[in-house]
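Novice: Each chain, letter by letter, is given below.
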Amino acid sequence: MTGRKGRAGRQLHGGKFAYAALIVFTAGSLFPLVWTAIAASRTNTRLARTPPPFWFGSRLFRNLEIAWTDANMGTALLNTTVVAGSVATGTVVFATFAGFAFAKLRFRMKNALLLLVIGTMMVPPQLSVVPLYMLIAELSWTDQLQSVILPTLVSAFGVFFMRQYLMEALPGELIEAARVDGAGSLRVVWHIVFPAARPAMAVLGMLTFVMAWNDFFWPILALTQSGNPTVQVALAGLGQGYIPDQSVIMAGALLGTLPLLIAFVVFGKQIVGGIMQGAVKG
Amino acid sequence: MPEPAHGRPAAHIEHPGGPGPAVDDTAPGGTDAATQRRRARRSRRYRRDVRWSPYAFIAPFFVFFLAFGLFPLLYTGWASLHRVELTAPTDMEWVGLRNFSRLLEDEFFWNALRNTVTIGLMSTVPQLLMALGIAHLLNYRLRGSMFFRVAALTPYATSVAAATLVFVLLFGRDYGMVNWALGLVGIGDIDWQNGHWTSQLAVSTIVIWRWTGYNALIYLAAMQAVPKDLYESAALDGASPWQQFIHVTVPSLRHTILFTCVVSTIGATQLFGEPLLFSGGAGATGGADHQFQTLGLYMYEQGWVNLHLGRASAIAWAMFLILLVVGAVNWVVARRLSKSA
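Taken in order, these protein sequences are the chains called P and Z. In this text, residue positions in the first sequence follow the working numbering: the first is 67, and each later residue adds one. In this text, residue positions in the second sequence follow the working numbering: the first is 20, and each later residue adds one.
Treat the hints with care, since some could be wrong.
[Said to hold, decoys possible] Derived coverage of chain Z by chain P (criterion: at least 3 residues anywhere in the stretch with Cβ under 8 Å from a Cβ of chain P; other residues may be distant):
(1) 78-85
(2) 89-100
(3) 123-137
(4) 157-165
(5) 183-194
(6) 211-219
(7) 235-249
The set of hints was computed from the structure by calculation and includes no laboratory data. Yeah, the Cβ is synthetic: ideal placement off N, Cα and C, and Gly gets one too.
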């Protein structure tokens, strides 16, 4: 990642000021998360006193337990895992197929269809929730996970992202050679496109998983806190007074964030690389 | 007409794919005729494959895209021309443009629009400026550079809900950390939630916190693509590091900067979760005086608190029109930029 001498990008050594400024920024980025854990380890009465606590107390596991059972966080975590997993898988697979077709194949209306996909990339979710809500009300899908999985199962961004990647990463000669050997389209996809697309599929999968995990607007309309919530629905319920105990609310926030934070620590390098790579492509 | 996607040996293309085996009567031997037939069959199958497989590949995406992306978008437009109540969504009564003309006289709509713009500016401008500075620092050769990058991205991993819940506590009037810290320098307790500007500042802070690191990484990626000799020749001309930043780095990044401006504007236009949860259990008014109610929140209030789905649809379309204007402005700016390049 760090450029060798003579390559693009400036690579001067950072001075004391650079380190100091970055440490301050990092502290600011991490502080609210650390303080969530601190508040989750205290009692509600301790939080209602000045100065606020700066170090961990002993109530963490008790508060986590209350959040797990009373705030439905256990169900919520399971549901969110199912939703984010399905959405990420669906988006990656469908986007790779469609992205390959848009990148390398010829068919009628190709440009018009691509324009349609790109054009809807900036449409806000507010524009689709009313009909979606009518639909799930009609089907009695409220509080059922398919009501939040199906509408987000494909993404226009995903198709665009895979197309951009495959345009460069997939040599046309490779496909031709396979064709000459008599390979049908499905075999071409399986043996050539998927292996070539794997790095981009991983990046798209991770980004989609994070987005699906944190999705807020549509889930709070389709699911209810006391019924069958995702993590964000449960947290919204907590924030709107479902449970008045602030330390339990913080324990809920911690439970809902921890899985992604752990993933970011483990896959940090890949996620950072993916976002930076996506930025250059976009 | 669909053409074969990739060059095929001419021999295959010459066989017409008509019904029955392509009998080339000049073929002398039986084995040869069999080969010919096999070839013809294969070439027909090949042409069918090339012709229809692209549609098969895009079909799964487009089925979902049409059902859950495009159709709802258009149907929202249709619903905005009706009176629809949440309690009986199938009873639609045609009202023409009344939902829209109502919006023009609706003080809460204009209030929400103003708030969306001010919160949008207060969150986007500092966020992108800070991200530019952080990216510049991250572009130095650093010990632990991966640590700094991952740490900058942890707020992005935090959901709107989780982030807002903790910031509500931090900005608490009586026991909040922010007021405690301000008290140390002699500033009295601020009622963040109930003030007009203070509440908007607090909501903006949440947005800034979540997105600065993410944008910094996008800028960093673009900075790493700036040719090194640009800096070397600028340094030879005696440009200071600051001048190099202003005259080399920033111009090289102008397309990326424009891109982040557009993405942040889209995000700011649909701001919803932060103002909803910042008011705690007080509902969707965005504060007692609607002081931090955004368009996204107002749409939710109209649709899911006041149960007017038709009006909510009209607000959604108004948001879409605003974004179209933003997109048009962006297009003009982008054209100017590429002309000046």
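Novice: Next step is simple, just say for each hint if it's right about the structure.
Specialist: Cross-check of the supplied hints:
Restraint check on the region 78-85 of chain Z versus chain P: 5 residues with Cβ-Cβ distances below 8 Å, three needed, restraint holds. Restraint check on the region 89-100 of chain Z versus chain P: 7 residues with Cβ-Cβ distances below 8 Å, three needed, restraint holds. A count of 0 residues in the region 123-137 of chain Z with a Cβ less than 8 Å from any Cβ of chain P is obtained; the coverage claim is therefore unmet, three being the minimum. With 7 residues carrying a beta carbon less than 8 Å from a beta carbon of chain P, the region 157-165 of chain Z meets the three-residue requirement, and the given coverage holds.
As drawn, the region 183-194 of chain Z meets chain P at 9 residues by the rule of a beta-carbon pair under 8 Å; at three or more, the given contact holds. Counting residues of the region 211-219 of chain Z whose CB falls under 8 Å from any CB of chain P gives 0; the rule of at least 3 is not met. Under a criterion of three residues with beta carbons nearer than 8 Å to beta carbons of chain P, the stated coverage of the region 235-249 of chain Z is upheld, 11 such residues being counted.
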